[in-house]
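> Residue numbers (our numbering), protein chains in the order written: chain A, 1 to 229; chain B, 230 to 458.
Hints are supplied without guarantee of correctness; some may be wrong.
Taking lysine-lysine pairs in the BS3-like style, the calculated list, with each CA pair at most 27 Å apart, reads [stated by the list, open to error]:
{"#": "1", "chain 1": "B", "residue 1": "LYS417", "chain 2": "A", "residue 2": "LYS120"}
{"#": "2", "chain 1": "A", "residue 1": "LYS223", "chain 2": "B", "residue 2": "LYS267"}
{"#": "3", "chain 1": "A", "residue 1": "LYS38", "chain 2": "A", "residue 2": "LYS156"}
{"#": "4", "chain 1": "B", "residue 1": "LYS320", "chain 2": "A", "residue 2": "LYS81"}
{"#": "5", "chain 1": "A", "residue 1": "LYS215", "chain 2": "B", "residue 2": "LYS320"}
{"#": "6", "chain 1": "A", "residue 1": "LYS17", "chain 2": "B", "residue 2": "LYS444"}
{"#": "7", "chain 1": "B", "residue 1": "LYS267", "chain 2": "A", "residue 2": "LYS156"}
{"#": "8", "chain 1": "A", "residue 1": "LYS194", "chain 2": "A", "residue 2": "LYS223"}
Across the chosen pairs, the derived CB separations fall in these ranges [unchecked claim]:
{"#": "9", "chain 1": "B", "residue 1": "TYR253", "chain 2": "A", "residue 2": "ARG159", "range": "29 to 37 Å"}
{"#": "10", "chain 1": "B", "residue 1": "LYS452", "chain 2": "A", "residue 2": "PRO126", "range": "39 to 47 Å"}
{"#": "11", "chain 1": "A", "residue 1": "PRO126", "chain 2": "B", "residue 2": "LYS238", "range": "57 to 65 Å"}
{"#": "12", "chain 1": "B", "residue 1": "ASN343", "chain 2": "A", "residue 2": "LEU222", "range": "40 to 48 Å"}
{"#": "13", "chain 1": "B", "residue 1": "LYS267", "chain 2": "A", "residue 2": "GLU224", "range": "26 to 34 Å"}
{"#": "14", "chain 1": "A", "residue 1": "GLN160", "chain 2": "B", "residue 2": "ARG300", "range": "32 to 40 Å"}
{"#": "15", "chain 1": "B", "residue 1": "ASP271", "chain 2": "A", "residue 2": "LYS81", "range": "32 to 40 Å"}
{"#": "16", "chain 1": "A", "residue 1": "LEU111", "chain 2": "B", "residue 2": "VAL458", "range": "24 to 32 Å"}
{"#": "17", "chain 1": "B", "residue 1": "VAL458", "chain 2": "A", "residue 2": "GLY27", "range": "27 to 35 Å"}
{"#": "18", "chain 1": "A", "residue 1": "PRO46", "chain 2": "B", "residue 2": "ARG374", "range": "44 to 52 Å"}
{"#": "19", "chain 1": "A", "residue 1": "SER228", "chain 2": "B", "residue 2": "ILE292", "range": "18 to 26 Å"}
{"#": "20", "chain 1": "B", "residue 1": "LYS245", "chain 2": "A", "residue 2": "GLU57", "range": "35 to 43 Å"}
Calculated from the structure, these hints are not laboratory results.
Ideal placement from N, C-alpha and C gives every residue a C-beta, glycine not left out.
Chain by chain, the residues run as shown.
Protein chains: 2
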Amino acid sequence: MPHAEHTDKKYEEELKKLREDILYMGGLVEDQIQKAVKSLVDRDSPLAETIIQRDQEVNRLDIEIDDLCIRLLALHQPAGKDLRFITTALKITTDLERIGDMAVNICERALELNLEPQLKPYIDIPRMAQIAQWMIRESLDAFVRKDTDLALKVCKDDRQVDDLNSQVFRETISFMIEDPHTINRAMKITFVSKYLERIADHATNIAEMVIFMVKGKSIRHLKELPQSV
Amino acid sequence: MPHAEHTDKKYEEELKKLREDILYMGGLVEDQIQKAVKSLVDRDSPLAETIIQRDQEVNRLDIEIDDLCIRLLALHQPAGKDLRFITTALKITTDLERIGDMAVNICERALELNLEPQLKPYIDIPRMAQIAQWMIRESLDAFVRKDTDLALKVCKDDRQVDDLNSQVFRETISFMIEDPHTINRAMKITFVSKYLERIADHATNIAEMVIFMVKGKSIRHLKELPQSV
Chain A
1 MPHAEHTDKK
11 YEEELKKLRE
21 DILYMGGLVE
31 DQIQKAVKSL
41 VDRDSPLAET
51 IIQRDQEVNR
61 LDIEIDDLCI
71 RLLALHQPAG
81 KDLRFITTAL
91 KITTDLERIG
101 DMAVNICERA
111 LELNLEPQLK
121 PYIDIPRMAQ
131 IAQWMIRESL
141 DAFVRKDTDL
151 ALKVCKDDRQ
161 VDDLNSQVFR
171 ETISFMIEDP
181 HTINRAMKIT
191 FVSKYLERIA
201 DHATNIAEMV
211 IFMVKGKSIR
221 HLKELPQSV
Chain B
230 MPHAEHTDKK
240 YEEELKKLRE
250 DILYMGGLVE
260 DQIQKAVKSL
270 VDRDSPLAET
280 IIQRDQEVNR
290 LDIEIDDLCI
300 RLLALHQPAG
310 KDLRFITTAL
320 KITTDLERIG
330 DMAVNICERA
340 LELNLEPQLK
350 PYIDIPRMAQ
360 IAQWMIRESL
370 DAFVRKDTDL
380 ALKVCKDDRQ
390 VDDLNSQVFR
400 ETISFMIEDP
410 HTINRAMKIT
420 FVSKYLERIA
430 DHATNIAEMV
440 IFMVKGKSIR
450 HLKELPQSV
């Protein structure tokens, strides 16, 4: 049946493209986060502007990948594992798009903070960004490889970002108490820290969806993470 | 063809159930928000605990509705408008589930704030909550009725919540500057305001997805909203 074979081949190609596109979009938002934090740390406002502009590409990819998913569903009517894979991809693009928005928010706060004297050197914020970027990469690797161990690792790493966020919060509060002139800037730093925490949450959401996709088991909202899934 | 007719009827019934389930889940998260804010305003910690517990029902619905969507895709292989409707439903459940999480976050801050003397009467926070609840209801009505005018109205209403959030932010900052003893509480109120702003953002996301579903047009990230779509 050459026709069916042709369809199969096309289908496999499109599934492969879907995996590649998701990884590409993930790489782009990782880079957006890294550069957004760089624009804050280096007080580089032109870079912040560039990153804000480049969010359009993230949004374009979101729409493109969703279209690809819907085309795959419409033309190939997948079942079972492939169906779960494609419906999970549809949800993942939303998380990646919102991570892109968070990078824009970081740039907006950077633009504001760059207009005032620097309150303090940034130590925890770049660390948070690095862990969050890593979490995005690993959650998407877990997705394309259907690797639930890696996905569970991402969920566990979220704790580190939460702890750093609490640390930033305590530090900015102590700045504010010592000198009320710092309140405005300290609040903005708190917000940047919150954006990074939310980025890590999105990566965790992706990892949880991967576990659900593979194992049909929801580990979301558990008080304690399991040792394995 | 009695068999096809039977399948059609079953399919229509399941689509109807999907619409009803989404509206039911929306009603539940609306109620979660309303009661979360009530637990803050009335300093009612037992209510906050109840609402945190009840988030499990939101999470259960999230999984149930996703399952229904995947069953619809697998068994009936819908195309065209129905396919877009179901894939949009898959994305909407994620937003609703996260709105549920925000209600939990509000309760957590309420529990902390209820342990300390009240900083100020809450005026803007309940207003924000009311608008956000309304936005959720209208975005879901827009979804089931495929009503893009109503969806556009929701996107426009988001501005009101953003403005109230800025107002709360300015007010809490002025408290903090006047008296550093208020910083901790003022920060927590700022966070509650942020959660409500994010809830309104989720409703806006849903409304944008409805417009995209019906018109194939993305109004997300436009600098200015169009008069009509």
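> Hint by hint, say whether it matches the structure.
Hints versus structure:
1. B:LYS417 with A:LYS120: This hinted pair holds, its Cα atoms lying about 23 Å apart.
2. A:LYS223 with B:LYS267: Satisfied, since the Cα-Cα distance of roughly 25 Å is no more than 27 Å.
3. A:LYS38 with A:LYS156: holds, 26 Å
4. B:LYS320 with A:LYS81: holds, 19 Å
5. A:LYS215 with B:LYS320: holds, 20 Å
6. A:LYS17 with B:LYS444: holds, 26 Å
7. B:LYS267 with A:LYS156: violated, 33 Å
8. A:LYS194 with A:LYS223: holds, 21 Å
9. B:TYR253 with A:ARG159: 29 to 37 Å: This hint holds: roughly 34 Å between Cβ atoms.
10. B:LYS452 with A:PRO126: 39 to 47 Å: violated, 31 Å
11. A:PRO126 with B:LYS238: 57 to 65 Å: holds, 59 Å
12. B:ASN343 with A:LEU222: 40 to 48 Å: 26 Å Cβ-Cβ, so the 40 to 48 Å window is violated.
13. B:LYS267 with A:GLU224: 26 to 34 Å: holds, 30 Å
14. A:GLN160 with B:ARG300: 32 to 40 Å: holds, 38 Å
15. B:ASP271 with A:LYS81: 32 to 40 Å: With Cβ atoms ~49 Å apart, the hint is violated.
16. A:LEU111 with B:VAL458: 24 to 32 Å: Holds, since LEU111 (chain A) and VAL458 (chain B) (Cβ atoms, about 31 Å apart) stay within the stated range.
17. B:VAL458 with A:GLY27: 27 to 35 Å: holds, 32 Å
18. A:PRO46 with B:ARG374: 44 to 52 Å: Since the Cβ atoms of PRO46 (chain A) and ARG374 (chain B) sit about 46 Å apart, the hinted range of 44 to 52 Å holds.
19. A:SER228 with B:ILE292: 18 to 26 Å: holds, 21 Å
20. B:LYS245 with A:GLU57: 35 to 43 Å: With a Cβ separation near 39 Å, LYS245 (chain B) and GLU57 (chain A) satisfy 35 to 43 Å, so the hint holds.
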